[in-house]
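For the record, the sequence lines run as chains A and B.
Going left to right, the first sequence walks through residues 1 to 381 as this note's numbering numbers them.
Going left to right, the second sequence walks through residues 1 to 381 as this note's numbering numbers them.
Incorrect hints may have been included.
With a straight-line Cα cutoff of 25 Å, these simulated DSS-like cross-link-like pairs (lysine-lysine) come out [what the hints assert, rightly or not]:
no., chain 1, residue 1, chain 2, residue 2
1, B, Lys296, A, Lys118
2, B, Lys173, A, Lys129
3, A, Lys296, A, Lys364
4, B, Lys115, A, Lys296
5, B, Lys172, B, Lys296
6, B, Lys118, A, Lys129
7, A, Lys44, A, Lys115
8, A, Lys296, B, Lys44
9, B, Lys146, B, Lys129
10, B, Lys227, B, Lys89
11, B, Lys91, A, Lys115
12, A, Lys91, B, Lys129
13, A, Lys318, A, Lys266
14, A, Lys146, B, Lys146
15, B, Lys227, B, Lys146
16, A, Lys296, B, Lys146
Far from chain A, some chain B residues (derived; all Cβ distances over 10 Å) [as the list claims (entries may be wrong)]:
no., residue
17, Gly108
18, Lys126
19, Pro127
20, Gln162
21, Tyr262
22, Arg327
In short, the hints are calculated from the structure, not lab data.
Using N, Cα and C, we set each Cβ at its ideal position, and we do this for glycine too.
Protein chains: 2
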Amino acid sequence: MIKKIAPLLSALLVLLSSVTAIAQKSDSAIYTDAGTLMLIGKPKITDSIYQRIDSVETRNMPDAVRRLAQRSAGIAVLFETNSSFIRAKWKLSNEVYLSNMTPIGHSGLDLYCLKNGKWQYVSVGKPDKGIMQDGTLIQNMDTTMKQFMLYLPLYNGLSDLQLGVAQDAVLKKPVQRGINIAKRVVVYGSSIVQGASASRAGMAYPAILQRRTGYDVINLGFSGSAKMEIELAEYLSTVPADCYVLDCIPNPSPEQIRDRSYNFIKLLRSRQPDVPIILVETVFRENGNFDTRIGKNVRSQNEEIRKTYERLRKEGIKNFYYIESARLTGNDHDATVDGVHLTDLGFMRIADAIQPVLEKAIDKYYQSEKILGAAGSPLQK
Amino acid sequence: MIKKIAPLLSALLVLLSSVTAIAQKSDSAIYTDAGTLMLIGKPKITDSIYQRIDSVETRNMPDAVRRLAQRSAGIAVLFETNSSFIRAKWKLSNEVYLSNMTPIGHSGLDLYCLKNGKWQYVSVGKPDKGIMQDGTLIQNMDTTMKQFMLYLPLYNGLSDLQLGVAQDAVLKKPVQRGINIAKRVVVYGSSIVQGASASRAGMAYPAILQRRTGYDVINLGFSGSAKMEIELAEYLSTVPADCYVLDCIPNPSPEQIRDRSYNFIKLLRSRQPDVPIILVETVFRENGNFDTRIGKNVRSQNEEIRKTYERLRKEGIKNFYYIESARLTGNDHDATVDGVHLTDLGFMRIADAIQPVLEKAIDKYYQSEKILGAAGSPLQK
């Protein structure tokens, strides 16, 4: 009996597997190169679209900065779709291991949707080990047209990003951004600015400020390498901005701060005479509460930048703001993953501290008569 | 000339390297097996000291729970030392990769120190890839005697842990704990209880509650596998406790909650007639705001557990508390890494929500006449 039904069973299996194949096909996605959509969070247009600064512009910068400028921190893709699902294939530059970051944070994608006039978290693209990544970001959505924002990896580079939607769905560049981003903020700083150790790209504090304020916030965080070389001041001064945030005190030594910070700020001010500058002390390193050498070094860093601040104030520098360390990350000592790098908890707190100063600085700048020379509408691809 | 001085140079190099060797030796640490110190956060004494439940007790539990019971989540080592530095060598059970956790969180160590009557973060042990780990946790400390607490990995097991201090320093088991931990809380739950996705072990919410309240908080989080099987209720009822927190709604299906939750709680209540029980709804899954299937499932989970809660209330169950989902993680939708698992930001919020209910439940329990039968002083190695 078994023998007799065996051919029938085989035929049935073939039939079943072709049904499955059809189901998979009807469920398959149409992929679009994200480079054809809208990119925000970039200092300027670049040839390699997912890197922050073109190599031609980093020629005179330190090697570490050159390398880090290729990371996609702070860049996001804006698009609209009515697909019930969104998939992504992305190719990373490197296989990264960082003990203090999640793979989602250093190499993953972070998706938000504009809902009732606010950006709301949707889901993430989870990277596996390796370079080639492929995953469903979200599915089972209603099929109304929505605007999405996809943040790119914080501590990796991207050489390709493809977004997949349903075959009968629309995926397009937004005609206009759901939230007006007419003002630009450029943040220059250390690993903390770059986003270590946000759990996902949208929780780095420049991204939190971007969603809260609607400004286009440019992430120029260079992990361990924001040392105020004059070449960086030269470059910053060429990046259109309505405010510069200098959160670069964690990396240089106290001596480097003494030697470089005054000239750095003076050069930026001379090239951009009216654009507000917010200078931020380094967060206190929590392990510096026990490691006396680290504690002493952090205090010296802040003493040196405070001297520069006071010198510039005495000289009558305008549109210049200063945020003290004590206001940045709370007082429970639990805002970091490793004593240095902020978690999402720390990033929420530092965003709370910087946001009112930033909004005040930009409001005052726009109320002045000088705004005609301001950055105005942002550059983008 | 070169030829003539070459032998001298060689001799000098030998001399220099032996000087270096001596310097390293004088700086070298004396290592102590952490198992000889004080362990807290364990449900009961176990043969394998860094696992939560002995295999003899997990015989009737699901395979996943048996495996997860070997993870060291929630366990901490208490010790005192006057060394200027603390080093650690630790051997992990597995090489773990989790896209939604930092290696420090899943496989690292997290050090706190008792300072002015409060536990304060000191530093972490950062794991590299691989099994054998070795690192300096902190150095350059003053050499007063201090009490430390070292949290063990959340999503890995430990087969060995050695703590290194200066040769002339004392390292010892505390005569008494710096903070009195006379009351015990047992938390049974999912990956969120186990600590996904705390940045480091001390930021899982049971650990936050432990530091804030001074209670010994036992982490019985079983990632993806807290499904209210009756065997787990049997086991829980044998773990001495002054309060049980049941945060196990994220894992079972709505049908499983309907079929199991009433009997689960009834069994625990019958075996422990007076010990307070706090029942926690599942956190809403943030991706469920867009994925309609996930959203529906989460709402159904909470509807089912709410029915069980109301049934038990009608029956007149005593010392029974209920925390609704809406109170747990804020309303900005940014408390998770991946839509499901809480970051340090989410863990702070859920600790804020549970802490007052927990303190009220235990205070009321101790004010009653029933306390003579309570857990009293904690079990420990």
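Here is what the structure says about each hint:
1. Lys296/B / Lys118/A: Cα-Cα ~23 Å, so holds.
2. Lys173/B / Lys129/A: 41 Å, violated
3. Lys296/A / Lys364/A: Violated. Lys296/A to Lys364/A sits at ~37 Å, over the 25 Å cutoff.
4. Lys115/B / Lys296/A: Holds - the C-alpha atoms of Lys296/A and Lys115/B are around 19 Å apart, at most 25 Å.
5. Lys172/B / Lys296/B: 53 Å, violated
6. Lys118/B / Lys129/A: 40 Å, violated
7. Lys44/A / Lys115/A: The hint is violated at about 28 Å.
8. Lys296/A / Lys44/B: 43 Å, violated
9. Lys146/B / Lys129/B: 31 Å, violated
10. Lys227/B / Lys89/B: 35 Å, violated
11. Lys91/B / Lys115/A: 47 Å, violated
12. Lys91/A / Lys129/B: Since the Cα atoms of Lys91/A and Lys129/B sit roughly 23 Å apart, the hinted pair holds (cutoff 25 Å).
13. Lys318/A / Lys266/A: 12 Å, holds
14. Lys146/A / Lys146/B: 56 Å, violated
15. Lys227/B / Lys146/B: Not OK: Lys227/B and Lys146/B at ~41 Å, beyond 25 Å, violated.
16. Lys296/A / Lys146/B: 21 Å, holds
17. Gly108: Gly108/B is in fact no farther than 10 Å from some Cβ atom of chain A, at 7 Å.
18. Lys126: 4 Å, violated
19. Pro127: 6 Å, violated
20. Gln162: Correct as stated: the minimum Cβ-Cβ distance to chain A is 19 Å, above 10 Å.
21. Tyr262: 30 Å, holds
22. Arg327: At roughly 19 Å from the nearest Cβ of chain A, Arg327/B sits farther out than 10 Å, so the non-interface label holds.
In this structure, the hints that do not hold are numbers 2, 3, 5, 6, 7, 8, 9, 10, 11, 14, 15, 17, 18 and 19, in rising order.
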